[in-house]
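Trainee: What follows is each chain in one-letter form.
2 protein chains.
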Amino acid sequence: MHKTLFAAALLPLLAAAAPENEPPKALAPLEIVGQAPAADWSAIAPADLLVMDLAPDAAGKARRVVIQLLPPPFTQGWIGNIRKLAAAHWWDGTSINRVQDNYVVQWGDADGEDAAKAKPLPQGLATIPQAQYTVHAAPLGWVNPMHDAYASNTGVVLGWPVSYAPDGVTPVHCYGTVGVGRNMPPDTGTGAELYAVIGHAPRQLDRNIAVVGRVIEGIEHLSSLPRGTGDLGFYKTAAERTPIRAIRLGTDVPDLPRYQYLSTESASFARYADARANRRDPFYIRPAGGADICNIPVPVRRAP
Amino acid sequence: MHKTLFAAALLPLLAAAAPENEPPKALAPLEIVGQAPAADWSAIAPADLLVMDLAPDAAGKARRVVIQLLPPPFTQGWIGNIRKLAAAHWWDGTSINRVQDNYVVQWGDADGEDAAKAKPLPQGLATIPQAQYTVHAAPLGWVNPMHDAYASNTGVVLGWPVSYAPDGVTPVHCYGTVGVGRNMPPDTGTGAELYAVIGHAPRQLDRNIAVVGRVIEGIEHLSSLPRGTGDLGFYKTAAERTPIRAIRLGTDVPDLPRYQYLSTESASFARYADARANRRDPFYIRPAGGADICNIPVPVRRAP
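Protein sequences, first through last, are from chains Z and W.
With the first letter of the first sequence counted as 1, position 15 gets the number 15 in my numbering; the numbers rise by one all the way through.
With the first letter of the second sequence counted as 1, position 99 gets the number 99 in my numbering; the numbers rise by one all the way through.
It is worth saying that the hints were derived from the structure and are not from the lab.
Incorrect hints may have been included.
To be verified - No farther apart than 27 Å at their CA atoms in a straight line, the calculated lysine-lysine pairs in the DSSO-like style are these:
(1) W:236 - Z:61
(2) W:236 - W:61
(3) W:61 - Z:236
(4) Z:84 - Z:119
(5) W:119 - W:25
(6) Z:61 - Z:236
(7) Z:117 - Z:236
(8) Z:61 - W:61
(9) Z:119 - Z:25
As the list claims (entries may be wrong) - Facing chain W, according to a computed beta carbon distance under 10 Å, are these residues of chain Z, among others:
(10) 57
(11) 101
(12) 134
(13) 137
(14) 174
(15) 202
(16) 226
(17) 289
(18) 293
What the hints assert, rightly or not - Not close to chain Z: a few residues of chain W, all C-beta gaps over 10 Å, as computed:
(19) 36
(20) 39
(21) 62
(22) 84
(23) 93
(24) 123
(25) 136
(26) 268
(27) 289
We put the CB at the ideal spot given by N, CA and C, even for glycine.
Let the sequences and hints guide you as you build the complete structure.
Mentor: Here's what the structure looks like:
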């Protein structure tokens, strides 16, 4: 007998016909996703992908991390810089320099703070004001009916988790979120130094730093890296850093799979979100009745 | 110049005297913890620790994970079983069998579901009803003033994050929480199969499974393990599993450091929790005004 344990409900189960006189089994969230019609999936343009190839692991296995960039109107200043950095192949030969448990993995130029050794940045990068962390006009998307500890409301807009506040809409920090490292304010970072969240959602960073994307494939190549033992999880020696072979826009990567996200305007998404908040599949005894925004991750898949 | 980046505020800074005419700098949460008087720290009894020694890593380095068990009145049925299993050395020679990204690491008998090969359990383990996931009488501790997506209220009781509901108090799932794997209800698990959370808080498991403790040291030895590629993150081959050398109660481990937690009844904890919710240290531009219960982890340290 296969061990089901506590997460069996995450596995799509065979859709066996229910015997007569037996109520239909409630579907688990991923079963709802698995049954979503093709029309409920939205294509992700290759131009909105950032593909990071790390050096192979100790066994010689390739390690690729695929990042989806935020669409307009969100944080387009930083994303413009990131497109320039990728086009200039600026990250090639840089490294992952920091892995802090339950927080972030961070990459870029390990010598970036040393004026004598820093790798020169490409010409024409924009300086972006912190006001652009929050957008004042964004379409209204799905709204999470549950309370949030950090904002008036949360929801999903154009496929992205956000918070709503009287002064605007802000992309939020969840597991897998990619953002722009910066120094002390008023610095807001160029986009050359990026991080990905590998722990519990550090929502205190919302509205304080630029979110630019999320890892949609290969996050395990970041989250399972050895933790750095220096301050803030920086590696103490160069030998501990993981080299970055290349970071490219998706349009510059041959044979990249096509990706889709479950449209947050679709009926399937509403059913999925409801099932995340109210687990009625057989493993659960007491549905919670709610879920925080980071516990309703937007489904992303390779196009079938 | 040392790179400060966005998490500099996590580092205790030198407590330089503020120049005249300059307002005192707001303290970061860990600075408040660092200044807490000795009286605000509570000892953790070695009898309430579970010490897991994994096989050394590829470089021959020891890997020890220290788990603190929940105090009464919480989930004492399962913890009684865990004490028996540790005293019987039952886990010695078992393994870590599952690592699912952004979810859990799970350990126990890899053949536990195969009646012909399962390792016999010690005599006298209790069968615990699911009603005991929630406790009906618990002391009131610190209450988080912020809304929660899963429960009427949350807080910290006797040093442990909990949810409050009209029918009782329940320990909640945060990063590092240790719980008892089980099969489908009404099974509630014996305690022989344990998991630790290595991702965003899976709060949907609250009130559906027994929380028994939390990792207080060495979680990086679990969270950085290679992810399993089978269903639910189970390893596909025995060679991928990490062997467990021994799991012992703290009283049976020579030379174990002494540990303390910041008393959640202390003024220092209240200041720390407020600072987690309202980051006023120099890195932050806009304090959130709140934090979810899993983003206010109870500070634990080795006794100085």
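Trainee: Just to be careful: measuring from the Cβ of residue 174 of chain Z to every Cβ in chain W, is the smallest value less than 10 Å?
Mentor: holds, 7 Å
Trainee: Hint check: is the beta carbon of residue 137 of chain Z less than 10 Å from a beta carbon of chain W?
Mentor: The hint is violated - residue 137 of chain Z has no Cβ within 10 Å of chain W, the shortest such distance being about 19 Å.
Trainee: Taking only the CA atoms, is the gap from residue 84 of chain Z to residue 119 of chain Z under or equal to 27 Å?
Mentor: holds, 15 Å
Trainee: Examine each Cβ of chain Z, and state whether all of them lie more than 10 Å from the Cβ of residue 36 of chain W.
Mentor: holds, 21 Å
Trainee: Once the closest CB in chain Z is found, is it more than 10 Å from residue 289 of chain W?
Mentor: Residue 289 of chain W is in fact no farther than 10 Å from some Cβ atom of chain Z, at 7 Å.
Trainee: Is residue 61 of chain W within 27 Å of residue 236 of chain Z, Cα to Cα?
Mentor: Satisfied, since the Cα-Cα distance of roughly 17 Å is no more than 27 Å.
Trainee: Minimum Cβ distance from residue 289 of chain Z to chain W below 10 Å?
Mentor: holds, 7 Å
Trainee: Holds or violated: the hint that residue 57 of chain Z contacts chain W, with Cβ atoms closer than 10 Å.
Mentor: Hint on residue 57 of chain Z: holds, closest Cβ of chain W at ~9 Å, below 10 Å.
Trainee: Quick check for students: does the CB of residue 62 of chain W sit more than 10 Å from each CB in chain Z?
Mentor: holds, 15 Å
Trainee: Is residue 117 of chain Z close enough to residue 236 of chain Z, meaning Cα to Cα at most 27 Å?
Mentor: holds, 17 Å
Trainee: Quick one, is the residue 134 of chain Z hint okay against chain W at 10 Å, beta carbons?
Mentor: This hint holds: residue 134 of chain Z lies near chain W, its Cβ roughly 9 Å from the closest one there, short of 10 Å.
Trainee: Take the C-alpha atoms of residue 119 of chain W and residue 25 of chain W, compute the straight-line distance between them, and say whether it is at most 27 Å.
Mentor: violated, 58 Å
Going down the numbered hints, you'll see the structure goes against 5, 9, 13, 27, while the others check out.
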